[in-house]
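Residue numbers (the numbering used here), protein chains in the order written: chain P, 666 to 1279; chain H, 193 to 530.
In short, the hints are calculated from the structure, not lab data. Positions of the beta carbon are idealized from the N, C-alpha and C atoms, including for glycine. Treat the hints loosely; a few may be bogus.
Label-pair restraints from in silico Cβ distances [unchecked claim]:
no. : chain 1 : residue 1 : chain 2 : residue 2 : range
1   : P       : 1027      : H       : 371       : 28 to 38 Å
2   : H       : 207       : P       : 1126      : 24 to 34 Å
3   : H       : 345       : P       : 1027      : 38 to 48 Å
4   : P       : 1154      : H       : 421       : 49 to 59 Å
5   : H       : 508       : P       : 1027      : 18 to 28 Å
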Amino acid sequence: MPHKVIDVQDVVIRFSGDSGDGMQLTGSLFADTAAFFGNDITTFPDFPAEIRAPQGTLSGVSGYQVHIGSSAVYTPGDYCDVLVAMNPAALKSNVKWLKPNATIIVDIDTFDEKGLQKAGFKTDNAFEELNIKHHNLVTPPITTLTKESANMLGLDAKQGLRCKNMFALGICYYMYNMSMEHTEHFIKTKFFKTPALVDMNLRVLKDGYNYAGNVEAIADTYIVKPAKQTPGVYRNINGNTAIAWGLMAASEKSGRPLFCGSYPITPATGILEELAIHKYLGVKTLQCEDEIAGICTAIGASYAGSLAVTTTSGPGLSLKSEALGLAVITELPLVVVNVQRGGPSTGIPTKTEQADLNQALYGRNGECPVAIIAPNSPSHCFEAAFYAAKYALEHMMPVIVLSEGFLGNGSEPWRIPDMNDFPTINPPLVDALDEDEPYFYPFRRDPETLARRWALPGTPNLEHRVGGLEKNHQGAVSSDPLVHEQMVREREEKIQRLAHKIPPLEVVGEQEGDILMVSWGGTYGHMLSAESQLREQGTKVGLAHFDYINPLPLNTEDVLKRFKKIIVFELNSGHFANYLRAKFPQFQYLQYNKIQGQPFIVTEIVEAINNIAK
Amino acid sequence: MKFTPQDFKSDQEVKWCPGCGDHAVLASIQRALPEISEELGYSRERYVFVSGIGCSSRFPYYMKTYGFHGIHGRAAAIATGMKVANPTLSIWEMTGDGDSLAIGGNHLIHAIRRNIDINIVLFNNKIYGLTKGQYSPTSKWGSITRTSPYGTVEHPFNPGALAMGARGTFFARTLDMELKLTSDIMVEAARHDGTALVEVLQNCVIFNDKTHAVITDRAFRADRTIVLRHGEPMVYGKDNNKGLVLDGLKLKSVTIGEDGVTLDDILVHNAEEENHGVHMMLCEMQWPELPVALGVIRRVKDRTYDDMVRDQLTEVANKSQIRCMNDMLRSGDTWVVE
Chain P
666 MPHKVIDVQD VVIRFSGDSG DGMQLTGSLF ADTAAFFGND ITTFPDFPAE IRAPQGTLSG
726 VSGYQVHIGS SAVYTPGDYC DVLVAMNPAA LKSNVKWLKP NATIIVDIDT FDEKGLQKAG
786 FKTDNAFEEL NIKHHNLVTP PITTLTKESA NMLGLDAKQG LRCKNMFALG ICYYMYNMSM
846 EHTEHFIKTK FFKTPALVDM NLRVLKDGYN YAGNVEAIAD TYIVKPAKQT PGVYRNINGN
906 TAIAWGLMAA SEKSGRPLFC GSYPITPATG ILEELAIHKY LGVKTLQCED EIAGICTAIG
966 ASYAGSLAVT TTSGPGLSLK SEALGLAVIT ELPLVVVNVQ RGGPSTGIPT KTEQADLNQA
1026 LYGRNGECPV AIIAPNSPSH CFEAAFYAAK YALEHMMPVI VLSEGFLGNG SEPWRIPDMN
1086 DFPTINPPLV DALDEDEPYF YPFRRDPETL ARRWALPGTP NLEHRVGGLE KNHQGAVSSD
1146 PLVHEQMVRE REEKIQRLAH KIPPLEVVGE QEGDILMVSW GGTYGHMLSA ESQLREQGTK
1206 VGLAHFDYIN PLPLNTEDVL KRFKKIIVFE LNSGHFANYL RAKFPQFQYL QYNKIQGQPF
1266 IVTEIVEAIN NIAK
Chain H
193 MKFTPQDFKS DQEVKWCPGC GDHAVLASIQ RALPEISEEL GYSRERYVFV SGIGCSSRFP
253 YYMKTYGFHG IHGRAAAIAT GMKVANPTLS IWEMTGDGDS LAIGGNHLIH AIRRNIDINI
313 VLFNNKIYGL TKGQYSPTSK WGSITRTSPY GTVEHPFNPG ALAMGARGTF FARTLDMELK
373 LTSDIMVEAA RHDGTALVEV LQNCVIFNDK THAVITDRAF RADRTIVLRH GEPMVYGKDN
433 NKGLVLDGLK LKSVTIGEDG VTLDDILVHN AEEENHGVHM MLCEMQWPEL PVALGVIRRV
493 KDRTYDDMVR DQLTEVANKS QIRCMNDMLR SGDTWVVE
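Bound conformation, chain P alone:
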């Protein structure tokens, strides 16, 4: 019977399995293929902290959700059209994410007594127990079939079974009429040293594809047509890579060599790893003995003239607090990247959260303000890192990039920019004394930006000392009460003057009216989708999303006052809402908060607004 090919607007696929099943790879290969085909995509890796958690258990389930569309997609999708579950535990922990008519693909071989028991099923029928009735169930014996293929190719079963994920991937490619070329090329390149593994992976991938063509459960297939995209050269990018590249771009535009002192920490490690690859462009990376050395080597490199960076996640930012204060008082350029994860302490390290905002704003001793930029999507991380570096260098101060695990690991297609379209970066380097200077005054300021000048060691006649002790403009240590107060105020004012350089706050949707949704950072995609759904259903709201946290855009107050109700959405207990309360106490702020280590789902945002709009 010839099958129908049905056009669909968008589709959400969730790959899930044991944390050793290769689900992250499977998901990203599917995403890459869709992106190459011209779909818009957004991805959401959701994995446990353990590298190999106990096999078959709920705690070991690793997931990777891909949302592909024939028009713009802004989120990884709330619920999935297809769930790939490589074992009973994966099915059990993801059943809540199924759309009513979703297709479920399981490796039925794993639904044996042992597998069901490990996943905590009480009966021998997992599907009945989970009340799976109206879903389209595809139940290939993946383990058996993969073992057979391994046998035929002369591989031992254990080695062969590592390719099981390719079977599921093959089924998905068939279902969505996608080319396997990109994945085949990947396999050939990745395993070129072991031809047997190339053969095995290719074979299992095809087995899956062919299985899908023969099984009744997949009667029709689907196609997600390419999205209309601005012409250009594209690539897939995740947030961590985008941050690394944005910093490298800033290094090129400023002529300042890039130095990154860092210590591995989830989910920020990818930035250090990415930077280390690009040493051929002069990037210096130093994997330090600890987080403190990470920032302190960066401060030393900054003093010596580098674009200096340190990358970390929440607990690492805590360790860096004292040194960050040193960068503030010495007024040296420094970019601190914090890819937030769930806290406090070690918390839920592989899950996303926005709960380091208070720490970024206030987490240091003394009067110690720091500029903060929050990227809003994986690819926006490039721009956020670039401008963080630009402002750090030009204004002689540390800037925090407040990213999130959701952005760092998530990916989307990115139209590669032309570096000629980016502004140059002009740090206030100095090579001679001012006419009235008997010696170099390190804290003499630019009257417009209040930035001090950057005199690099090695420059004749500009010898000077900086450090953690308060100093006057001439650079002499001073505990004069008025000098201290003046310097504290100047360091704060320097940040606030940056507001004249950053873009104004834009409002999506209604420009004035009843309800303003406020958000910041990585929730942008969900907020944007919610705004568009609300508009479709006839609820008129405005959306003000903040990329710049400190300073706030100059028109912030003007935007807030145009709405009757303001509701602040964030993945914490209300940090940004409280910040706005302190800055603009004349307004009332409602809050919608989620502290589950998970991104928003669009549905809950829409519901929250509907409840207010009633």
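Add chain H to chain P, keeping to what the hints say.
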């Protein structure tokens, strides 16, 4: 250009206590720098003095060079970043026993392990001076201080032994009042490619006065210390008739002319021996069993971190076709939307 010590004195008033050993170290370094500058061709702007927190860490303010007064314990990390960023700088870390062996212990051993080309001058007065008299990681067992009114029950660190354990390539020890010896050692440290750790036994006149006096007092200094010189026999004593020999696996002090001992029996100091076994023993010598070793105890050649960073960057750059961001961004997996 020829410099004099005066050229390295800043206009800042020196605020250490009268009688503090730090004054002598400052003078010794200001004396050494003209010689170093001449020998190595350094101009004044090439020097950076970096410090942590503590009395000794005020040092950079008194030098008319570039300077960075950091935070407690972190000077080695700050100095490391500076050197990697600009390997042409001559970087001098000024630190103390609390700064470098307590809060900053981690950074110290990792700087030494990497063999980054910086000079670390560790002022060891076995006490916390700036916080007014608490015991430090080098305070001897039983020390009575403000935080150990009944005596410490901790074993002290020996900075030299720590450096050996971290695969250090240069270690020297001097006394604050020995200006000439200190100055000579600073020149040696500057010459050395790699991390040079110099321990200065320094007197805190207020909180731990005369802590080193048992070996440093003029009346018996010659009998209780030994100044080691590479290639010379390990002899000491006011009559220059005492020496060190190996007795089994241990060092032993002997008197030349007694029990048939001649000068030929005395060990000859080899600071350049790669195996640090003897160097370790020399570092750990303590009065009254043995004289305390001064001078350059270890000085061996090894690759430095900053050189290896530079070489690796050059090597990978030579292999790559990519020269700019526009090329890099367009390399690898990309696709075109028409």
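So, going through the hints one by one against the coordinates:
1. P:1027 to H:371: 28 to 38 Å: 49 Å, violated
2. H:207 to P:1126: 24 to 34 Å: 26 Å, holds
3. H:345 to P:1027: 38 to 48 Å: 40 Å, holds
4. P:1154 to H:421: 49 to 59 Å: With a Cβ separation near 57 Å, residue 1154 (chain P) and residue 421 (chain H) satisfy 49 to 59 Å, so the hint holds.
5. H:508 to P:1027: 18 to 28 Å: Distance hint for residue 508 (chain H), residue 1027 (chain P) is violated at roughly 41 Å.
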